[in-house]
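Trainee: Protein chains in written order, with the numbering used here: chain A, 1173 to 1606; chain B, 20 to 349.
Hints are not guaranteed to be accurate.
Not everything, but these chain B residues come out facing chain A in the computed CB check (under 8 Å) [said to hold, decoys possible]:
{"hint": "1", "residue": "D33"}
{"hint": "2", "residue": "R76"}
{"hint": "3", "residue": "R78"}
{"hint": "4", "residue": "T79"}
{"hint": "5", "residue": "A132"}
{"hint": "6", "residue": "G150"}
{"hint": "7", "residue": "E153"}
{"hint": "8", "residue": "S185"}
{"hint": "9", "residue": "A228"}
{"hint": "10", "residue": "L231"}
Since the hints were made in silico from the structure, they are not lab data.
For each residue, glycine too, the CB sits at the ideal point set by N, CA and C.
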Amino acid sequence: MNLIVRGGRILDPSQGIDRVADLIIVDGVVEAIAPTEHAANAPESSHAGVPECEIVDASGLLVTPGLVDIHVHLREPGFEYKEDIESGTRAAAAGGFTSVCCMPNTDPAIDSPAVVRQIIERAEDVGFARVFPIASLTRAMAGDRLADIADLKAAGACAISDDAFPVQSSETMRRGMEYCAQFGLTLMTHNEDQSLTVGGAMNEGVVATTLGVPGIPRVSEDIGAARNILLSRLTGCRLHLLHISTGTTAQLLRWAKEVGAPVTGETGPHYLTLTDEACEGFNTNAKMNPPLRTAEDRAALRAALADGTIDVIATDHAPHAGYEKEREFDKAPFGILGLETAFGLIYTHLVGSGALSLSDAIRCMTHAPAEALRLPVGTLKPGARADVAIFDLNARWTVDPASFRSKSRNTPFAGWELQGKPVMTILGGRVVHV
Amino acid sequence: MTGMTDLLSLRELDVRHIRNILATASNMREILDRSVKKVPTLRGRAVVTLFYEASTRTRTSFELAAKYMSADAVNISVAQSSVSKGESLKDTLRTLQSVTADCIVIRHSSSGAAHQAARFAEIPVINAGDGRHEHPTQGLLDALTIAEAKGRCSPSDARPVAFDLSGLTVAIVGDLAHSRVARSNVWCLTKLGATVRWCGPATLIPADARSLPVTVTTDLREGLADADVVMVLRLQTERMEKGLLPSMREYAGVWGVSPRALAWAKPDALVMHPGPMNRGIEISADVADGHVPGSVAIEDQVKNGVAVRMACLYLLIEPGSDAGGRGETA
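Next comes chain A alone, as it looks inside the complex (with noise of 0.2 Å):
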């Protein structure tokens, strides 16, 4: 199947394009980016030198390459009540993502390359978008023994990861970090201290005073982040900071960088966007780890992205039941969905507020989450497989978690009015959300 995405603004930051152009996409993948053909004096069905082509008018939308997210909670095995590769992949359509990486904590863990190439099967099968399974670093993410590595990344695993279970031994760290190393894996790592967190469900801070829940103080972060900056240093293994939510861990990140350590790192949107004011009233959906901070951490960590120190914004979708997250506010689980919301929150307000130009957020979640764990997506490179996201930006949309594609609905996003929003996604050619 040819399709010709016709007359958009393309915005590819890989390669440094942002030109209204055709999009031309041979068997699946980019043949080219071309001046656009006008509708009027274009045959139908053709385009120069590409029959059998379907057309889609892009004209007055904007046309990238199909958004990564290299943070996502997929929940399957094990978890399928909160979600599972289908309606993870449907979500990740429906936000614009065409490549989502997903956690191993799942149940069993991805701590075993049966796992990782179960989840690759699943996906080929029923995935609406490209799944690359993040590997454990230890087994049954318990955080001593290290899990079969090298037979991990043989079966696909596309990076390792002890999120949501933090290795807490240094020396397990630094052995684990040395072993990714030889097999040039990027390991992602989630930074606490857990002995600073223990019974913490909120960021320490007023907020947390006045409503009397025990809190998560932002030393917590800083301090796991800065253990795993100078152990990459030391081992010159690939280290990818998980959710940054403090100004201080982005300090880390961007004093990492100048002493040349092999360091990334990434935000979410919610970071970017709330404050810990948002658990008023207890609302468990905006209950994260690490969580929402304050305005002086999202000041800094949107300069941080707009200089670049921070490379990537990623959701850390992370579905849970709705009867989980209306428990007592320390009882429910942590985290909050991100798919379906990341583009429009993200231009609504970073690029809507000035704070960080379109090219940098569409480098931030396409191209750079790419680099940063060497996947082949990202780009509309000629030759690259077609995965491309359409946007509206003039479209206006109010957050409505019933029309989610995921299973849940733990958003604290609901009711907000956000610009911008997707509105076809194509993988590898294919139509697969309009």
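Given the coordinates of chain A, assemble chain B onto it according to the supplied hints.
Mentor: Below, chain B without anything else, positioned relative to chain A:
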């Protein structure tokens, strides 16, 4: 004034509601001084006290408050309920509402549990203490006790509004980090015009406490200096186990309220304690038993607790037409 629908926190409660509860509670005190302590106000109404945490005085106080107003009071404590079979807070609340309770009084170890209960149930919910968050009826009874002791229950030329505590300094001493009483008191007392100080060891002062409307100090002398009221909080022994304090002995020596420390406060300072007390630790026996200048209000606090809870139940449960008019209560 729009009616209250629940009593969840004093931070969120308008000062007019606070004064209305205190005025109503003042009237309820008269009932408690009668030999027959029973009025028909809430006849035919059912109050459920749902206690997820152990409590003697608060639960008894609510139960007596309900019974003195002729309501039926049912106590549910977690050990003997379906909660121990894993029932969620939401399902428990829905069930209690379905068995036609008119008001639910909830005590829970999780901060925010009362707010969530109020979202799940359409009937009035009273927070009888949630985690470290708030204990609103304790804050109200403390305000009533202070107002009585300092002659602030009625308007005067200087203060034309009843329950105006302006000009009074209240020092709250002890484990502020884990205290819902300290939080409820801050909001209630400052709304009524008082100045509030928090005093305790640095490890028991919550993060960013200085952003609340209090002055914070770790120095007991500074904390008690010229205070009109000294409110002593209970110290739990588990704080030592978690490494927050070295020893009870050291705590008693540095932050314990002894006659010597009390001398730093005003001569007529009122001593309060929400109970239960650890004599010899946060408060010396001499102070607890009133062998000092000034006055000790610990027993008045308990009695005012019943009056405040009667007022809250009365104001939250709309009395039905067949259960007597509102005017009969006092």
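Trainee: State for each hint whether it applies.
Mentor: How the hints compare with the structure:
no., hint, verdict
1, D33, "violated (17 Å)"
2, R76, "violated (20 Å)"
3, R78, "violated (20 Å)"
4, T79, "violated (24 Å)"
5, A132, "holds (5 Å)"
6, G150, "holds (5 Å)"
7, E153, "holds (7 Å)"
8, S185, "violated (23 Å)"
9, A228, "holds (6 Å)"
10, L231, "holds (7 Å)"
Going through the hint list in order, the structure does not satisfy hints 1, 2, 3, 4 and 8.
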